[in-house]
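If you're matching them up, the sequences are chains X and C in order.
Taking the working numbering, I'd label the letters of the first sequence as residues 1 to 228.
Taking the working numbering, I'd label the letters of the second sequence as residues 1001 to 1471.
Treat the hints as calculated values from the structure; they're not laboratory data.
Glycine is no exception: its CB is placed at the ideal position from the N, C-alpha and C atoms.
Not one of these hints is a red herring.
Heads up, incomplete: computed chain X residues facing chain C, CB under 10 Å, no partners named:
1) N50
2) L109
3) R112
4) Q122
5) K154
6) P162
7) K187
8) G188
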Amino acid sequence: MRIIGFISSIICVFFASGCGINSMRVYTMQTEDFGANQKSLKKVICIAPNFKKYTDRDMDNEDYLSSWKLKDKFAKEAESWSKKSGFNYEVYFPSEDAANQQAIYTKLLPLRRSLLMAISNQANSLNETDNSMFSEENKGVFVVNTVLPAEWSKLSEEFETPYFSMIEMYANNNKSFFIHIIADVVKGRIEYQEIRKYSGLVKPRYIEHVLFDSFRTLKKNLKGGNKK
Amino acid sequence: MSDNMYSKFLKLVILVFLLVNLAKAQNKTDFFVEKPFQVPSYLLNNAEKLAKNLAKDQDVLDEKEAEEMYKNSFYILKERVNTGELYFSNELTDYLTKIVDDLLLNEGSLKGKIRVFLTRNPQANAFCLPDGTILVNVGLLNILENESQLAGILSHEITHYKKHHALNQRKKNKDLKDQKYSNTSSEGVLFKMLSYSRENEFESDAGAVNILNGGKYNAAEYPNALKFLMEEQKDTLKGSLSDFFNTDVFTVDTAIVSKKNIKKELNKSVSRSKSLLKLGDVEYETHPDGEKRILAVKEILTSIEYKEPAKLDNTEFANLKRKAEFETVENAYLEGEYITALLLSLKLKEKNPTSETAEVMIVKNLFWLSRLKENGVMNDFLGKVEVNKSADMARLKLFFDKTKAPDLGKFLFTYTKKQLERFPENESIAFYVAAAAELHLGKDAALVFYKKYNSKFPIGNYSVYIKNKID
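Given only the sequences and the hints, what does the whole structure look like? Please build it.
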């Protein structure tokens, strides 16, 4: 009987492991003087959170139909989980709202392009090979700061905060990436950057789990941050 | 002071004032202005509903499949809207719409079905989505010479829609994938699909001549447009790099950018996997060989005994092309294509030697390239840069590859300082002198320059950033 119980418990664990999100790795980088506590991030402008689903293994062909259906959900969940985690993320999403169009299309979306550019020219963990199939968290400081064009610093006056954020998910059957970035436009640099890698497809039902984990990690890293 | 001297002094002051304002006004007109800003309601409509209606109107594919295709096409467009890739409500979008309207004068059935938008993409290209939306990259304007050439490219895209190329291709591809021809290998299927695409291009070229024939645009200019598209990265830089960059630090046309090294760089080509069917590179292309296309169009023009219409006034096109050139450089810079942006801005400087905007572009791109070098990521960055048979690109790539970080920093600082002597009132150059000083000489030395900027431009574009630095 004991043997049967032992074997069945192993089987249960085996199946249970298949129910969650696949194995993942988390890499966070922050500047050495990034906010010492949660209150320092009074207001963050989150620019057009984006969920991109791909049809192939190399992330060349986007499945626009699936991506589009998930974008709204992703943006709403991002705003909601930021609030639940005690942060004040204001999500700006391109929409029919005529009042916001000018600011979004002529200021925020170009800034978002600039953020993407900054991380694409940075030596980051996106191209590293994964050897481990277990969850792992790596935390570090930027040895070389990832800088942004100083032109964006004026936006801090208009939006009454220096912090601008970008949250993106790139998902395909082979692997998925989640990126959460906070930039300080007054200092002209990326202050905090989190990259999560999943070994398989992150399904829509796991979006909130990923976002919850991300804000929890941010909270943890802020509390543990160096004092200014 | 006598009255005569006073009036002379007054005239001089007025003249200086006018010249300064003229220079400022010229800088403002270098770019497209998008005001009042409004996203066209068509782009915000319910994609599902629009796709359903369009699917009902076609008879190439079954309704469900066509609906899926149109939906996909709308979402591609919406994605471009949402990432800020399209321009709205500016003079070039209006200009493109006007040309399309002219081309559709004799195409009654297409009226109201074709829309044209300008994208911020710096590459010279245009394409048509299955629903009749034509997207023209701002980089296309950069390489064309006149309105007829632009009309030729737009007619080509209109024909893609008129002949339902996207729908037909999908049907043919589906037949192939459904294994109706089960003896064909997967590589054979791919080649067959690509051959359909090339056939469509030939058909659209012929269709473009057909649309242009009898209208006000000169169809004989269309082959020239195709030629310019083929030679997108034309080596038009007349001077050598040392003509632009010769500072007291070093001359750049030394051993590092020697002809031998440039040739070596140009010969580096991407090797393709060998085809099982032993077919050449052209079989992998979606578009036919450019030379063949040009020849085919010329043959058609000869066979129909084409008579060229009266020459059009090129003033409006030339004015918009100038703006498109500046926009292309700015967009290449925003896309992080600093080598391309630098090359294009050097070309702008050749054309407009006194342009402050062109100089700001050069300084900005030089700064970011030096920054990449300083941060030790230049090799990764250059690995992504395509030379595309351009000796100019190869020259610049070699220059940034071989020059050491401290030398590049020194060069950037001295070059930028020289430009500030030329344009002392330009706040962007004043800022980049300070930023270059920080990169090359460190924070304390840079503070002097930051303070100078702050006292001269207390509410400038960089003032918030600089105040933070000083504090």
